[in-house]
Amino acid sequence: MRIVCLSDTHSRHGDVVVPDGDVLVHAGDFTKRGSEREVASFDAWLGTLPHRHKLVVAGNHDFLFESAPQVARTLLAHAAYLEDSGCEIDGLRFWGSPWQPRFFDWAFNLERGEPLRRKWERISDLVDVLITHTPPHGILDRVWSGQEVGCEELTAAVARLRPRLHVFGHIHEAHGVRETPATRYVNACICDLAYEPAQPPIVIDL
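Heads up: the sequence shown begins at 1 in the numbering used here, then just goes up one per residue.
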């Protein structure tokens, strides 16, 4: 299965050249401020793409999915939206979640420690592809200052669950892939630190 990974397009999706594949994964921050107009524009763009399956989680910019979830989900007609939920595609089991360690007053914030641990405990024990907005701590989560800002509780959950692939975004300057014996990690941020769509989608074959 060919999985095309994107994140953090911030309403610049029209500037992205998207490779073909079986499953398109977007790991959040597809809008700038989460307005209905931005979500509708993103959905219309998704409708132009040829991928048989499209999976989306929200990010900290995608306020509508937290403040008016029913409205937001209605607007997202061309993808399956995952929020602490999963699906199975051709035998591969996917799970998606939007939460992140508190980051100013953005959407889907939770305190580090127990509140986030409870969210990650909901992930299915049988998961092949995990999609979160936040990175795990210590993996493709280093910001420009050198600080690692990912979620410690997520690191522990991934070590326990051992998904084959973990796709995330949030930290624009940490775009890339890291391989471990158990899990392939992908920070799929399209926008760079200047919010320019300068980083390519990442294609993974499973």
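FYI, nobody ran anything at the bench for these hints, they're computed from the structure.
Some hints could be false.
Said to hold, decoys possible - Below are the DSSO-like pairs computed for lysine-lysine, each with C-alpha atoms no more than 30 Å apart in a straight line:
1. Lys119 with Lys32
2. Lys54 with Lys119
3. Lys54 with Lys32
The hints, checked one at a time:
1. Lys119 with Lys32: Cα-Cα ~25 Å, so holds.
2. Lys54 with Lys119: This hinted pair holds, its Cα atoms lying about 23 Å apart.
3. Lys54 with Lys32: 20 Å, holds
Violated hints are absent here; each numbered hint is respected by the structure.
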